[in-house]
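**Student:** Next come the chains, spelled out residue by residue.
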Amino acid sequence: MPEPASQKTITFLIDSRLENVSLAGVAVRGICNYLSLSEIDTYYLELCVVEAVNNAIKHAYDYEDGHAVEVSIAYSNREVTFNISDTGRKMDLYGPRCLDFDPDDLSMLPEHGMGLYIINSVIDEVTYLSDGGKNTLTMRKRLHYKN
Amino acid sequence: MQIEDTKVDDVLVIQPLDKRIDASVATEFKGKIVDWINAGDTRIILDLSNVDFIDSSGLGAIVSSLKTIGHDGDLVICGIKETVMSLFRLTRMNRVFQIFETRSEAIRALSK
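Chains as they are written, first to last, in my numbering: chain A, 1 to 147; chain E, 148 to 259.
Do not rely on the hints blindly, as some may be mistaken.
[Said to hold, decoys possible] As a list, the in silico DSSO-like pairs of lysine-lysine whose alpha-carbon atoms are at most 27 Å apart:
| # | chain 1 | residue 1 | chain 2 | residue 2 |
| --- | --- | --- | --- | --- |
| 1 | A | K58 | E | K166 |
| 2 | E | K214 | E | K166 |
| 3 | E | K214 | A | K58 |
[Claimed, not checked] Between beta-carbon pairs, the in silico distance windows are:
| # | chain 1 | residue 1 | chain 2 | residue 2 | range |
| --- | --- | --- | --- | --- | --- |
| 4 | A | D131 | E | K214 | 35 to 45 Å |
| 5 | A | L99 | E | E248 | 20 to 30 Å |
| 6 | A | D102 | E | G187 | 21 to 31 Å |
| 7 | E | D156 | A | G66 | 48 to 58 Å |
| 8 | E | S258 | A | K134 | 48 to 58 Å |
| 9 | E | S258 | A | H112 | 32 to 42 Å |
| 10 | E | V181 | A | N33 | 30 to 40 Å |
| 11 | E | G187 | A | K8 | 47 to 57 Å |
| 12 | A | S130 | E | Q245 | 39 to 49 Å |
[Unchecked claim] Derived list of chain E stretches under chain A, where covered just means 3 residues or more per stretch with a C-beta under 8 Å from a C-beta of chain A:
| # | segment |
| --- | --- |
| 13 | 195-206 |
| 14 | 211-220 |
These are calculated hints, taken from the structure and not from any lab test.
The beta-carbon is built from N, C-alpha and C at its ideal position, and this holds for glycine as well.
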């Protein structure tokens with residue numbers, strides 16, 4: 001299906017090293033600034049992409065460098081969609097997550113798993129699809145502008 | 148990652164000089180704080196005034212450091228930027244950590 005005329009897309013690859021992930025964040029931030037999103041929304045969207053790329057490197061590629069993580073960002077004036085793809089191991093991570101803890105109980109404070117909670121809290125629609133050896137996490141966020 | 152440390156009486160103030168605490172540095176960051184804790188520094192102020200971005204791994208490292216200190220000391224935060232604060236609110240960690248606007252307020256609180 002052809003893209004709507006108002007939609008624009010950028011796709012780039014990063015090597016599967018955690019040191020490279022901040023570059024994906026810089027790209028997201030640049031686009032969010034271009035879209036005049038608020039600082040908090042920009043931070044949240046950068047955070048979601050960073051978490052998704054981190055997960056691909058950690059879980060799909062098991063921290064092994066030399067593999068590509070593809071980041072595709074498509075936006076219109078109504079929504080922005082991030083596709084994060086890898087060709088590593090299929091992940092069984094994505095789905096609704098809760099972050100339920102007693103803030104006064106030190107021993108039960110979460111140290112892991114918060115990335116998935118963040119993605120599911122911030123993003124309107126999260127889907128994960130494995131097809132033909134390629135895994136793609138799609139995160140779709142509707143945009144809200146102040147008038 | 149570079150962290151500046153300053154001792155004010157028995158309170159240790161640590162200030163990351165990097166703008167990001169993310170998955171690429173989280174293990175090293177946590178290791179440095181644990182080294183200070185093991186050396187006897189259990190009243191720690193984490194000054195985040197240089198930090199623009201923390202991801203869940205960085206946040207996990209800070210939580211882990213607090214758990215390492217346990218109930219025999221405290222790890223409090225100051226200088227946090229509004230964007231980073233939004234992560235603490237989103238994950239409800241703003242209810243776990245004492246967060247002060249300035250370093251001097253944090254020092255006063257930990258020196259009591």
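**Student:** If a hint holds in the structure, say so; if it does not, say that too.
**Tutor:** To see whether the hints hold, each was checked on the structure:
1. A:K58 - E:K166: Roughly 22 Å separates the two Cα atoms, so the pair holds.
2. E:K214 - E:K166: holds, 24 Å
3. E:K214 - A:K58: Holds, at roughly 24 Å.
4. A:D131 - E:K214: 35 to 45 Å: holds, 40 Å
5. A:L99 - E:E248: 20 to 30 Å: holds, 26 Å
6. A:D102 - E:G187: 21 to 31 Å: holds, 29 Å
7. E:D156 - A:G66: 48 to 58 Å: holds, 50 Å
8. E:S258 - A:K134: 48 to 58 Å: holds, 56 Å
9. E:S258 - A:H112: 32 to 42 Å: Once the Cβ atoms are compared, 33 Å apart, the range 32 to 42 Å for A:H112 and E:S258 holds.
10. E:V181 - A:N33: 30 to 40 Å: holds, 37 Å
11. E:G187 - A:K8: 47 to 57 Å: This hint holds: roughly 56 Å between Cβ atoms.
12. A:S130 - E:Q245: 39 to 49 Å: holds, 44 Å
13. 195-206: Holds: 5 residues of the segment 195-206 of chain E have a Cβ under 8 Å from chain A.
14. 211-220: It holds, with 5 qualifying residues against the three required.
Hint violations for this structure: none, all hints satisfied.
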